[in-house]
Amino acid sequence: MATLYDKIWDAHVVGQRDDGLSLLYIDRHLIHEVTSPQAFEGLRLARRVPWRLDANLATPDHNIPTRNRALGMAGIEDSIAKEQVVTLDDNCRAFDIQQFELLDVRQGIVHVIGPEQGAVLPGMTVVCGDSHTSTHGALGTLAHGIGTSEVEHVLATQCLVQQKSRNMLVDITSFLNEGVYAKDIILALIRKVGTAGATGHTIEYAGEAIRSLSMEGRMTICNMSIEAGARAGLVAVDETTLSYVEGRPFSPQGALWDAACRKWRDLKSDEDAVYDTEVTLDAAALSPQVSWGTNPQLVVSVDEAIPDPASFDDEATAETAERALKYMDLRPGDSLMDVPLDKVFIGSCTNARIEDLRAAALVAKGRKVSSHLDAALVVPGSGLVKQQAESEGLDEIFIDAGFEWRAPGCSMCLAMNDDRLMPKERCASTSNRNFEGRQGHLGRTHLVSPATAAASAIAGHIADVREFLQ
Amino acid sequence: MSVNPLQFVRHSGIVAPLDKANVDTDQIIPKQFLKSIKRTGFGDNLFDAWRFEDEGTIGKPLSSRQPVSDFVLNDPRYVNASILLARENFACGSSREHAVWALLQYGFRCVIAPSFADIFYNNSFNNGLLPVQLSHEHVEVLFARATQQQPIELSVDLEEQTVTAGSDLGYRFEIEHVRKNRMLKGLDEIGLTLEHTADIEAFEARHRKANPWLFSGGNV
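As given, the protein sequences belong to chains A and B, one line each in that order. The opening position of the first sequence corresponds to residue 1 in my numbering, with each subsequent residue numbered one higher. The opening position of the second sequence corresponds to residue 1001 in my numbering, with each subsequent residue numbered one higher.
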């Protein structure tokens, strides 16, 4: 009667430390430039060395520019950002950690390249100094976002000190309608449970809708588990998982592949598994979702009016909603479809995989980005996603429509590079956080699916993508 | 005698009331300051976008900044505050440990709230910042007191697990035994784990045998 989470947990418990906390063995550690420099410095100061080199894989993603990529380091104009990327290079070389450097075609957003390379495999424990590490749970892994002290700890010991969390089952019943995507499921779920609704839990996503989703869709959902407060979210392994993993550079081959598959097929919860919390959501009842506020709980259906803060039961959400309306310059009863946009961003570890770009391109094809927009960016999640998209002609579709086709990185999801909103600019974004200033100082973010983002770029305001698919 | 920054036994200080729920770590320390490769220098930019009218950049001197007059940390009553009083789901969102560093380097030793986001809660203990969880009701009382003309001073005692103000206010808080012990002693987490090196090696050998494909990665 174990859940999938229980099973992966049990298979990785090294033991109890004397203080009673569990030591969890970590199979894969992903590293990027922003949360690792202080961890490497800590190792050096304590004269420690990495426990197991081949468990680590690094790439720069957070603060690299998405223009002038061919120039490599010389293309990074921001000297402070450049120092951080150079430091990652230096650390990886000094400690002999494999890195996909800036000019490597395999470089990309850490949560895109891990699965893409087969560097994340079912049943693994995965960590990264980034809260969206939950993404990897889509492959039936236990994947946690960690802080920099924990990055140092994992480097030095190959273990994470953990207390086991509670089990939450999220059952997504029935099937999505046309124009509604994985992103809409997760936005609707966060609206339902709240930004702290899954705090202390590991979420398992199950149900017909999840089973019928591609790996890309499952990654989008697991990615935003943290936005509901859960450090990890996961999906049971099925044939969709196995066919995704097969043949990737780091994936096992031959007899090892067969042996792995036999084990991976058991990576699902027992029929009689018990969960501490259960939530159900009907996929067929969903319309495209759009966030209107300054956290991912403040979401409406595209054709729904913005709610009155007073309509929220609890005082904290009402207060947050009140503050959000002011920041976003919106009023209760407004329709988001009447509010003009300044920018559109298609990208991020949530929505920059090939399927996301295909969904957006399908809408953009033969149409033009509204002349009222200042910019519409498409930023592929990795060099290989970019290459694949180009081989399918998606780049031309976007460029013909008036989108900018950029080089891979986190880009305007968190605006550490030059891709950002100016004060008071409004953006439809396929990223994961609509916090104040997230995409630029005083910028205003509306979280949407890639298809809705493309439709909104064409309309010049938040649009109902279903009208574009008829 | 040098001070162990990871250690927290007891602390008394002025309370700054931050009356907002769901404060995310992007607000605690905005992204432009994460480009630093150092562990220090974040205190001046704590709550940067809420504290200042002008947009902050790395290295911009504090003297050139325009404070937001009604932000709590700019209120003369709270200039020397070292305990932050907050609302539900404090420090949600990004895992950036820089949020903890910024709070500590600004001068906070303790945050009191009804609930915290998981990653921040963990990160706090790894740096000697004590997160104290109190009931909504008690947090409400503290807000009422802290927002009066005269700021309040609280004493937080980790050994006793109490928050007290003078002789008339005293609350007990819960904290996991292991976390409490570690913080009282200021123990180094990595050092503690490395005491189990033999266990880790034994586990790793078994794990490798059972799942050889997990060890074939790297250097593709």
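Some clues are possibly wrong.
Stated by the list, open to error - Computed beta-carbon distance windows for the label pairs: (1) B:Thr1162 <-> A:Arg262: 14 to 24 Å; (2) A:Asp276 <-> B:Arg1208: 26 to 36 Å; (3) B:Arg1208 <-> A:Gly366: 37 to 47 Å; (4) B:Asp1075 <-> A:Arg67: 36 to 46 Å; (5) B:Leu1184 <-> A:Asp272: 26 to 36 Å; (6) A:Ala305 <-> B:Gly1170: 43 to 53 Å; (7) B:Lys1209 <-> A:Glu271: 27 to 37 Å; (8) B:Glu1053 <-> A:Glu271: 54 to 64 Å; (9) B:Phe1215 <-> A:Asp19: 43 to 53 Å; (10) B:Arg1172 <-> A:Leu469: 53 to 63 Å; (11) B:Ala1198 <-> A:Arg44: 24 to 34 Å; (12) B:Arg1172 <-> A:Asp18: 42 to 52 Å; (13) B:Asp1070 <-> A:Leu103: 41 to 51 Å.
To be verified - Listed next, the stretches of chain A that the computed footprint assigns to chain B, with coverage defined by at least 3 CB atoms under 8 Å from CB atoms of chain B: (14) 180–193; (15) 257–268; (16) 435–442.
Said to hold, decoys possible - No farther apart than 25 Å at their CA atoms in a straight line, the calculated lysine-lysine pairs in the DSS-like style are these: (17) B:Lys1020 <-> A:Lys424; (18) A:Lys164 <-> A:Lys268; (19) A:Lys192 <-> B:Lys1038; (20) A:Lys263 <-> A:Lys7; (21) B:Lys1020 <-> A:Lys268; (22) A:Lys82 <-> B:Lys1060; (23) B:Lys1038 <-> A:Lys82; (24) B:Lys1060 <-> A:Lys7; (25) B:Lys1180 <-> A:Lys164; (26) A:Lys424 <-> B:Lys1038.
Hints are computed from structural coordinates only; laboratory data are not their basis. In this text, a Cβ means the ideal position worked out from N, Cα and C, and glycines have one as well.
Do the hints match the structure? See the list:
1. B:Thr1162 <-> A:Arg262: 14 to 24 Å: Violated - the Cβ-Cβ distance for Thr1162 (chain B) and Arg262 (chain A), about 55 Å, lies outside 14 to 24 Å.
2. A:Asp276 <-> B:Arg1208: 26 to 36 Å: For Asp276 (chain A) and Arg1208 (chain B) the Cβ distance comes to about 33 Å; the hint holds.
3. B:Arg1208 <-> A:Gly366: 37 to 47 Å: With a Cβ separation near 54 Å, Arg1208 (chain B) and Gly366 (chain A) fall outside 37 to 47 Å, so the hint is violated.
4. B:Asp1075 <-> A:Arg67: 36 to 46 Å: Distance hint for Asp1075 (chain B), Arg67 (chain A) holds at roughly 43 Å.
5. B:Leu1184 <-> A:Asp272: 26 to 36 Å: violated (42 Å)
6. A:Ala305 <-> B:Gly1170: 43 to 53 Å: holds (48 Å)
7. B:Lys1209 <-> A:Glu271: 27 to 37 Å: Given about 30 Å between the Cβ atoms, the range holds.
8. B:Glu1053 <-> A:Glu271: 54 to 64 Å: holds (59 Å)
9. B:Phe1215 <-> A:Asp19: 43 to 53 Å: violated (29 Å)
10. B:Arg1172 <-> A:Leu469: 53 to 63 Å: The hint (53 to 63 Å, Cβ to Cβ) holds, given that Arg1172 (chain B) and Leu469 (chain A) are roughly 58 Å apart.
11. B:Ala1198 <-> A:Arg44: 24 to 34 Å: With Cβ atoms ~25 Å apart, the hint holds.
12. B:Arg1172 <-> A:Asp18: 42 to 52 Å: With Cβ atoms ~26 Å apart, the hint is violated.
13. B:Asp1070 <-> A:Leu103: 41 to 51 Å: holds (48 Å)
14. 180–193: violated (count 0)
15. 257–268: holds (count 4)
16. 435–442: holds (count 6)
17. B:Lys1020 <-> A:Lys424: At roughly 22 Å apart (the allowed maximum being 25 Å), Lys424 (chain A) and Lys1020 (chain B) satisfy the hint.
18. A:Lys164 <-> A:Lys268: With Cα atoms ~18 Å apart, Lys164 (chain A) and Lys268 (chain A) stay inside 25 Å; holds.
19. A:Lys192 <-> B:Lys1038: violated (39 Å)
20. A:Lys263 <-> A:Lys7: holds (12 Å)
21. B:Lys1020 <-> A:Lys268: Between Lys1020 (chain B) and Lys268 (chain A) the Cα gap is close to 40 Å, so the pair fails against 25 Å, i.e. violated.
22. A:Lys82 <-> B:Lys1060: holds (19 Å)
23. B:Lys1038 <-> A:Lys82: Roughly 14 Å between the alpha carbons, so the hint for Lys1038 (chain B) and Lys82 (chain A) holds.
24. B:Lys1060 <-> A:Lys7: violated (50 Å)
25. B:Lys1180 <-> A:Lys164: holds (18 Å)
26. A:Lys424 <-> B:Lys1038: violated (31 Å)
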